[in-house]
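Asker: Sequence:
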Amino acid sequence: MNLKIFVRSGKGAADITPLLRDNEAFAELINRLAGKILDLDFDKIVCIEGRGFLLGSAVAFKLGKGLVPIRTAGKLKNETLSVDYIDYSGSKKTLEINKDTLNEGEKVVIIDDWVQTGATLKSAIKLVESLRGNIVGIVVFMDDSNDVTRDDLSKYNYQYLEKDLKQEEKF
Numbered sequence: 001m002n003l004k005i006f007v008r009s010g011k012g013a014a015d016i017t018p019l020l021r022d023n024e025a026f027a028e029l030i031n032r033l034a035g036k037i038l039d040l041d042f043d044k045i046v047c048i049e050g051r052g053f054l055l056g057s058a059v060a061f062k063l064g065k066g067l068v069p070i071r072t073a074g075k076l077k078n079e080t081l082s083v084d085y086i087d088y089s090g091s092k093k094t095l096e097i098n099k100d101t102l103n104e105g106e107k108v109v110i111i112d113d114w115v116q117t118g119a120t121l122k123s124a125i126k127l128v129e130s131l132r133g134n135i136v137g138i139v140v141f142m143d144d145s146n147d148v149t150r151d152d153l154s155k156y157n158y159q160y161l162e163k164d165l166k167q168e169e170k171f
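In full-length UniProt numbering, the protein residues as written are 1 to 171.
Misleading hints may appear alongside valid ones.
Said to hold, decoys possible - Taking lysine-lysine and the DSBU-like style, the derived pairs with C-alpha atoms no more than 35 Å apart in a straight line are: (1) LYS155 / LYS36; (2) LYS65 / LYS36; (3) LYS36 / LYS99; (4) LYS155 / LYS44; (5) LYS93 / LYS44; (6) LYS36 / LYS93; (7) LYS126 / LYS65; (8) LYS77 / LYS36; (9) LYS163 / LYS99; (10) LYS36 / LYS75; (11) LYS126 / LYS163; (12) LYS77 / LYS126; (13) LYS122 / LYS62; (14) LYS93 / LYS75; (15) LYS36 / LYS107; (16) LYS62 / LYS126; (17) LYS92 / LYS75; (18) LYS77 / LYS92; (19) LYS75 / LYS155.
Just so you know, these hints were derived from the structure itself, not from any lab. Since this is a predicted model, take the numbers as computed values, not measurements.
Kindly produce the complete structure, drawing on both the sequences and the hints.
Answerer: What follows is the structure, encoded as structure tokens:
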């Protein structure tokens, strides 16, 4: 199944909500994301607020793993770490993680829906590494980034299912 037919180009970002409406397409997406990390040895899945929650929680449930949310500023109630960054649209954003969600040395996989500049993902990496978590993989559905961003992320076993929404390549 070509999952790209369910994705709309949004304002700078891919919109996966049409895909979520279709139970077969959504199940296939979760199975493919899970398949990318099935052979990795890890403890928890870290997911980034927004659509990353939808994908990360479904994959965590499927694989029987714990889930660590990274949220926008002010949403978490316990003691947090935060990092500021500039997102793909040029807006200043802040991400946070609860300090008690990861133990030193725990192995994690980060899951998100889409990467363009990599700024959000790199901020999530900083938060995990600040808690001394060990990132053993990163998997996203759509990659609209460039070779430099993919190269920067490659040391974390970066994988994606689809590249460049504008291309007509098949799954």
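Asker: All hints, please: hold or fail.
Answerer: Hint-by-hint comparison with the structure:
Taken as a hint, the LYS155 and LYS36 pair is honoured in the structure, with Cα atoms around 16 Å apart against an allowance of 35 Å. Proximity of LYS65 to LYS36 is assessed by CA-CA distance (about 15 Å); at most 35 Å being required, the pair is judged to hold. For the proposed pair LYS36 and LYS99, the alpha carbon gap of about 28 Å is at most 35 Å, so the pair holds. Note on LYS155 and LYS44: the hinted pairing holds, with a Cα-Cα distance of about 19 Å set against a maximum of 35 Å.
For the proposed pair LYS93 and LYS44, the alpha carbon gap of about 25 Å is at most 35 Å, so the pair holds. Restraint check for LYS36 and LYS93: satisfied, since their Cα atoms lie roughly 29 Å apart, inside the 35 Å limit. With a CA separation close to 22 Å, the supplied pair LYS126 and LYS65 stays within the 35 Å bound. This hinted pair checks out: LYS77 and LYS36 have alpha carbons roughly 32 Å apart, not beyond 35 Å.
Taking the CA atoms of LYS163 and LYS99, the gap is about 33 Å. The hint holds against a cut of 35 Å. At most 35 Å may separate the alpha-carbon atoms for a hinted pair to count; LYS36 and LYS75 meet this at roughly 30 Å. At most 35 Å may separate the alpha-carbon atoms for a hinted pair to count; LYS126 and LYS163 meet this at roughly 24 Å. A distance of roughly 20 Å separates the Cα atoms of LYS77 and LYS126; the hinted pair therefore holds under the 35 Å criterion.
Between LYS122 and LYS62 the alpha-carbon distance is near 26 Å, which keeps this suggested pair within the 35 Å criterion. At most 35 Å may separate the alpha-carbon atoms for a hinted pair to count; LYS93 and LYS75 meet this at roughly 13 Å. The straight-line distance between the Cα atoms of LYS36 and LYS107 is roughly 16 Å, inside the 35 Å bound, and the hint therefore holds. Between the alpha carbons of LYS62 and LYS126 the distance comes to roughly 26 Å, so the proposed pair stays at or under 35 Å and holds.
Between LYS92 and LYS75 the CA atoms are separated by roughly 17 Å; this keeps the pair inside 35 Å, and the hint holds. The hinted pair formed by LYS77 and LYS92 meets the criterion: a straight-line CA distance of about 22 Å does not exceed 35 Å. Simply put, LYS75 and LYS155 have alpha-carbon atoms about 30 Å apart, close enough for the 35 Å limit, and the pair holds.
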